[in-house]
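Trainee: Here the protein sequences come in this chain order: A, B, C and D.
According to this note's numbering, the stretch in the first sequence is residues 1 to 392, in order.
According to this note's numbering, the stretch in the second sequence is residues 1001 to 1392, in order.
According to this note's numbering, the stretch in the third sequence is residues 2001 to 2292, in order.
According to this note's numbering, the stretch in the fourth sequence is residues 3001 to 3292, in order.
Calculated from the structure, these hints are not laboratory results.
If you're wondering where the values come from, they're calculated on a predicted model, not measured in any experiment.
Errors might be hidden in some of the hints.
[As the list claims (entries may be wrong)] List of simulated lysine to aspartate or glutamate pairs, DMTMM-like, C-alpha gap at most 20 Å:
#1 K1253/B <-> D1308/B
#2 K2107/C <-> D220/A
#3 K250/A <-> D233/A
#4 K250/A <-> D178/A
#5 K2107/C <-> E3055/D
#6 K3115/D <-> D1308/B
#7 K1171/B <-> E2059/C
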Amino acid sequence: MKLHEYQAKEIFARYGIPVARSEIASTPAEAKSAAERLGGKVVVKAQVHAGGRGKAGGVKLVANAAEAESAAAGMLGRNLVTHQTTARGVPVRKVLIAETTPIATELYLAVTVDGDARAPVIMGSRAGGMDIETVAAEHPERIIRVKADPSYGIWPYGARDMARALGFPPKLVREAADLILNLYRVFVDNDCTLAEINPLVITTDGRVVAVDSKLNIEDDALFRHADLKALADPEQQDELQRRAEAAGVKYVKLENGRVGCMVNGAGLAMATMDITEKAGTPPANFLDVGGSANEDRIAEAFKLLVSDADVRAIFVNIFGGILRCDIAARGVVQGARESGSRLHIVALLRGTNAEDGRRILADSGLKVTFLDDLSQAGAAVAATLPAQGARR
Amino acid sequence: MKLHEYQAKEIFARYGIPVARSEIASTPAEAKSAAERLGGKVVVKAQVHAGGRGKAGGVKLVANAAEAESAAAGMLGRNLVTHQTTARGVPVRKVLIAETTPIATELYLAVTVDGDARAPVIMGSRAGGMDIETVAAEHPERIIRVKADPSYGIWPYGARDMARALGFPPKLVREAADLILNLYRVFVDNDCTLAEINPLVITTDGRVVAVDSKLNIEDDALFRHADLKALADPEQQDELQRRAEAAGVKYVKLENGRVGCMVNGAGLAMATMDITEKAGTPPANFLDVGGSANEDRIAEAFKLLVSDADVRAIFVNIFGGILRCDIAARGVVQGARESGSRLHIVALLRGTNAEDGRRILADSGLKVTFLDDLSQAGAAVAATLPAQGARR
Amino acid sequence: MSVLVGKNTRLLVQGLGREGSFHAGRCRAYGTNMVAGIHPGRGGTRFEDSVPVFESVREAVDATDPNVGLVFVPAPAAADAIVEQIDAGLPLVVSITEGIPVLDMVKVRAYLEGKRTRLLGANCPGVITPGEHAKVGIMPGDIHKPGRVGVVSRSGTLTYEAVVQLSSLGIGQSTCVGIGGDPINGTSFVDVLKLFEADRDTDAVVMIGEIGGTREQEAAEFIRSMKKPVIATIVGQTAPPGRRMGHAGAIITGKAALASEKIAALKAAGAHIADSPADIGKVTREVLGHQD
Amino acid sequence: MSVLVGKNTRLLVQGLGREGSFHAGRCRAYGTNMVAGIHPGRGGTRFEDSVPVFESVREAVDATDPNVGLVFVPAPAAADAIVEQIDAGLPLVVSITEGIPVLDMVKVRAYLEGKRTRLLGANCPGVITPGEHAKVGIMPGDIHKPGRVGVVSRSGTLTYEAVVQLSSLGIGQSTCVGIGGDPINGTSFVDVLKLFEADRDTDAVVMIGEIGGTREQEAAEFIRSMKKPVIATIVGQTAPPGRRMGHAGAIITGKAALASEKIAALKAAGAHIADSPADIGKVTREVLGHQD
């Protein structure tokens, strides 16, 4: 689950991380008066769950309160499109009005879990402000990685060593080390998947300030963070994503796909994608209905698939285990009925109650091609796919 | 550092430990209105830093608000004498007015650090409400000890196992386990030396309630707990203890002693006590001036010694290291002058600047017997001690 | 006894809710010797009128001497259950539970250091040795066939797919092991490959990897030194970088986590690659044919 | 080289404040080879115009290869400094600092598990080997005399007392070790007794215990198996139960922590007891006399 910058910032401040003074505004008028209180020259920042705001016009440096008002008016109520969003973009409901920070140096600092190291890892770079993925790909040596001890965390001396390695001047080493320790505490206490400051700024007057604040919370850990769960902003997700999450299925929309895939299990779902891709019939999505899906969830998943205009055919690949094939088949029939879809379905049903499932689909009146094994899938899907462009 | 029951209770409540409803009162009138709000029938509990309140009349069960008022009037502003206090007792400035708890079972629960186990240990007993030291001495098998993992703490399953071993009925096991886990968190988060609930009560209506609350905080860790430090109540210590603490020296008054001992180092101080005791001249105190004492601290320590009416002679045993003997000698002279003491002093000065120290004492006009080594100490102290009863 | 489970397995099942009970029953029906169950509030009762149920693992261990623990406890309490089984000294703990917070698994993994327990999972289908009627997990038993090919996989249903391909070609399995799809788990590919390499009842190994992490590359390093042939496939070749594909393991975090990198490493180490996951059986048959 | 420190000692001192600088100077004056200092903000300077000072232990280790670390860092940051020295791989860390919170020491002690470092202290006077001019601590050097009796103690000034008694009777010391008075420390009596038992330069051991804890009883168990004679004393015989006597180690927490219990255990194990701490030298002379 993603938090907005302003939400993350409040948490940072609670943990003693120095942040720029700021206020949140929902209207241009609020933005104006906030800017007045903050001294006029401020930064107006669209609050969206997407990176790349700056290049997309979602961050504006303005000289006075009037400009803050008009900058806010240009953002609020509109959708912001960045390289990380869909073409529709994400709605801007709030803007953050922050005092400007006189920047001498920009750094990058983040905490995440490194599965290979089996521990949280603190990452820092002097190449702050830049796109960190680019730095990681092109100059991995510019990123300093410090592995935390799974039970002891990071010790103060380790934070000081890291601060020195990041080039903090001797006078600021202790302050920077405290910031690193506090960011680590934020990460652990709140079950984050990512706690990131980009840029972390050394100001011209020798202060250390977190200028941006990013926190992603692990969905699986939300059960113990009711306070964080309340900060969710589902409006920031695209509609399909939101529906998938509500239904409890894992769904990722893929560009340029044509085959809607419904599978149980992530590994099998990826295998299914690989096979359809190789058959020249690219998958339109990843969709894992999970182990314990019921009819309604399957039906909702089916409706999700067919509501994607790119989808020209459906491939249902269910290996019955906890999820029985008859349940899956009933869900598909229900979904097709409720959506009115008449897309051709390729179905591979194995495992628990596979026979029942096949009969239910066969009796449903839907156009279904049954497979016996996965090796037939590529050809079968290709055969059922209508010519490019046609639909229903 | 000790906390009052009402202070510990607030911390318990913050950690989700169920406590009885209560209010704190500084006057009989406040006690009365608190009792009214709590339903009339309440317990009035003197807030003092000493165990054994109950037997000493510091805990009164009353039937109505008027009785609460008079019970409070009987405690407030007086000194309470328990088996753990001096004969003067400790002043009662506040009383806790707590709703009564219908007791079905009383248990004992505490967390402390076990040096031998090198870890915090959770102790529980079904013999709650009783004097736990007596239980520990006479029926050690009645105390359940669960060692916490130094880095992982105690796991929920361990707390459940302990709750079952303590006889909590199945329905209350989870609640009791949560309480154990929360008490452990209180202990660790607040650097306690002891976190204790005695009694921990199962009520007749099946609730679990911490009826008493005791927290001792480690003095050495107070630097990171400004909030707790502010809860100190030095008035609860006897005057000598308070002065010793203010001066930064470790001082323990001993009953029936006659020789005031001033030593640097705890081990040497205990050795000195043992030697004077064996010589038939029992020590009146343990006093360790510490490693880095200066003249003023030594002087204050000397004044502490002589302000104890039991003290008939002084034994100064300083092994100069960080603390130089000349400094120690000057402090003794200063203390004697400021206190007007004319007690006989036996002095054993070794190590750094021992010669200078001896000269300073010799030139001071004080009555001093110098020793060359510790083996002479017993006889020398015995010789200088006046006949029983005489002083100055 | 092939690897991990077999005829000497004495199974303890923790978490006998709806799902746990269902699968515990299936394991028994397959022939697994379940000796104890754990469920809060049900201590003293019997599962399926025969297997004693206890309140705590310690009690169960003292009374019934199990050697494998199976965890169905819901995610919020699963790490605690795993540690309870570790502390009770169970040699093998299999955690089916999915959705355990990653920081819980960081702790559990570190806690395992120096302990005698091997943890399989979490978020895995479990382990099955068809020739010895030992099933400790949620896989459908009837697709398996006794034989001499070991299977190890990060995935659940994809493992079943592989098994079906093998069985339908008449290729039986010694033991099939699901190591789980989470980024931090108890047993790695390398751990299982070592077991198969040392196992007298296994002739070849099928390994099914995924995008994300670098465990397959570690496996490749070990495969270099193996005498037995390894047939490998990597799924997620078409997944776009940086997008989560269902379970947390399947995230491309860097170049090394790409399917192409993994396939190259495995190929270089001498593994036989099934380019399509539909060809696992076929490639295995070819490899075994050459072996003869 | 007797035990723990000797002529091959290469000393690093962390915390060069007033007290740390004073004692580092004394150690050097005694003949100890101090190779590095650590003090925040003073990296690049030199201590006493000769010993290089660094910002971090890692830098100092890389540049000067020390094998003993001495910690004078104030209590709030002392645990961190100890861990910094552990992580840098120093074989011996001696922590003088007193007043380290006990929960910090619980952590440090657990952190030591499996590491190559031995920790002496905290809250100890350090260790000295007079015959090799190696002093790593705050004890007055000039009271010591080279010889063949090892001394181990929980206490500071009482150790000096014992040393004075020995030296004045012409009995020199191989190495004197202060293990510190805190309830949780790095090195126990048993650890040091083992070193002395194995040391060719030590003929007998003086052990000075205190009330509180049960470490002296553990020592007694080991003394049973020792070939070398042990002279032991326990102070705090007159301390009233349950009262703190200065440092945290000296608290009677139960019957086992009483002086009488400890003396009985040591006597039963064959240790020679000095009933009064004033008689340590005398008893040692008697024991050594019988040895000849």
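Trainee: Does each hint hold? Answer for all of them.
Mentor: Now for the hints, and whether the structure bears them out:
Note on K1253/B and D1308/B: the hinted pairing holds, with a Cα-Cα distance of about 9 Å set against a maximum of 20 Å. Between K2107/C and D220/A the CA atoms are separated by roughly 16 Å; this keeps the pair inside 20 Å, and the hint holds. Annotation: proposed proximity of K250/A to D233/A holds, straight-line Cα distance about 18 Å (limit 20 Å). Distance check on the hinted pair: K250/A and D178/A sit about 38 Å apart at the alpha-carbon level, beyond 20 Å; violated.
For the hint pairing K2107/C with E3055/D, the CA-to-CA distance comes to about 32 Å; that exceeds 20 Å, so the pair is violated. Of the pairs offered as hints, the one joining K3115/D and D1308/B is violated, with about 50 Å between alpha carbons and a cut-off of 20 Å exceeded. Distance hint between K1171/B and E2059/C is fulfilled; the C-alpha atoms sit about 19 Å from each other, no more than 20 Å.
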